[in-house]
Amino acid sequence: MSKGQDNLRHIVVLMMENRSFDHMLGSLMQKDPRINGISGNEFNLDNTGQKVLAQPLAAYQGQLDPDPDHHFPGVNIQLFNGSAEPPATPSMGGFVKSYFEQRRDKDHSHKIMYYFPPEKLPILTTLATNYAVFNGWFASIPGPTICNRAFAHYGTSFGEVGMSLFYMNTPYLSIYERMVNAGHTAKLYYYDQNSSSQEVVNLLKNQPKLFAVFGDFLTDCRKNRLPEYSFIEPNYNDHEDDDGSEILATDQHPDHHMLAGEAYIATVYNAIRKNASLWKSTLLLVTYDEHGGIYDHVPPPACVPDGFVASAEATGTGTPFKFDRLGIRVPAIAISPWIPKATVVAGPEQKQSGRIFEHASIPATVMKAFNVAETPRSPREKAADTFVDLLTDTLRPDSDCPIFK
Amino acid sequence: MAKAPKVVRIPKMPATAFNKNRPVSDLLWNQVEHLAAVVKKDIDEERRSIRTEGQASLFIKKYTALLHPRGSKRTGK
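Protein chains in written order, with the numbering used here: chain A, 1 to 405; chain B, 1 to 77.
Simulated from the structure, these hints should not be mistaken for lab results. None of the hints are false.
Simulated pairs of lysine to any residue, SDA-like, Cα-Cα distance not exceeding 25 Å:
id, chain 1, residue 1, chain 2, residue 2
1, A, 405, B, 3
2, A, 205, B, 55
3, A, 120, B, 19
4, B, 3, A, 396
5, A, 205, B, 47
6, B, 40, A, 201
7, A, 280, B, 5
8, B, 40, A, 162
9, B, 20, A, 263
10, B, 12, A, 59
All figures in this text were calculated on a predicted structure; none of them were measured in a lab.
Take these sequences, add in the hints, and give me the full structure.
Right, here's the structure in full:
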């Protein structure tokens with residue numbers, strides 16, 4: 001075990017909303033060819049057969065309206081473009097077609113191919129280039145938010161591919177319950193009561209002690225009270241505070257302002273970074289729940305089946321789904337002073353040594369890192385790769401780790 | 001003297017970014033549905049467990065207070 005792993009006391013996960021890897025970090029390939037991003041040749045065909053290249057024209061707000069389709073049937077079009085269906089390798093050629101269907105506007109449909117140049121996302125790209133960026137972190141399901149977030153909480157969505165929930169009387173406990181039952185500490189921090197928690201309202205009702213708000217996270221960091229495992233939710237909606245002040249959504253879900261999310265990521269990072277003992281003992285993961293219908297060029301790979309099957313009716317594609325292939329790639333960055341600068345975790349582009357991660361990797365990593373006693377877990381979680389090994393023997397000096405102001 | 005870490009500026013948001021009148025997204029609508037379903041289930045369970053006048057009174061008080069918060073300041077005597 002490395003010194004970094006020996007010193008690990010906390011894992012913090014911040015899960016944002018609805019952006020693909022290429023959209024957010026694909027431009028970094030121009031600076032570092034090890035990052036599997038946009039080469040400049042990636043394209044889709046539009047409804048007239050015109051070639052639409054991925055371009056660095058993404059805007060902070062006002063560009064992706066309506067919200068791009070990311071439900072199971074829509075993602076199926078994005079992946080396969082009406083051509084060969086699974087188990088064929090996805091062509092990744094149907095993003096423009098899928099977006100065109102929503103507004104029947106050819107020019108507007110091209111915007112689904114837009115990505116951010118690095119200078120427009122200084123926080124996320126600074127983290128990606130200073131710590132470890134994953135080339136092969138995929139959403140768990142080619143579908144929407146709820147079922148994907150479920151994999152981070154439970155290591156499975158219990159057969160769900162949509163937005164319904166209520167994981168009652170299910171065979172696997174959430175990672176928070178598993179931690180607490182084993183004598184560890186865990187907390188889920190939601191932003192505030194106006195934003196609340198997504199999906200785990202059953203836990204909110206039955207296990208309120210597992211929850212706190214974002215202000216508590218900041219206090220817990222300052223006062224060295226952070227639990228061993230923390231999951232942080234962003235603010236999911238624009239709303240007014242009790243005093244009437246405006247509070248922006250920070251989740252980066254279209255059409256929320258991207259920079260509010262950048263500031264939120266910076267706040268989470270700084271809260272850990274500015275406490276010297278916490279900084280040396282914490283592994284922070286920043287990731288996104290799913291791609292939000294936005295273009296990515298890497299075909300999602302097959303995976304271990306989850307033991308559940310979603311019916312043809314539930315998928316809406318006419319074909320059942322065995323949870324045997326992953327969703328579209330999302331940004332994921334592991335952050336710690338024990339991670340060498342500019343680490344790139346190879347993904348499927350490296351046939352032999354590349355590693356595949358998905359949201360079930362989160363509970364799998366927490367279980368492993370804190371040596372939690374084995375409890376029933378989904379086949380997907382058991383098979384998921386873990387990332388605590390990114391922590392090395394070498395602690396980077398303070399001067400080598402950026403801060404945000 | 002120790003070298004200082006690199007400082008990256010957090011970008012500022014434009015004042016126009018806030019829009020609470022934006023149409024509700026699928027994500028938020030589902031969140032509303034999920035919360036409503038849990039609360040409805042709660043109320044139903046609570047309602048079904050009532051056996052005595054005292055229990056009925058507590059239920060009535062709780063939900064009257066939700067509907068008419070001002071009533072809690074008046075005794076009715």
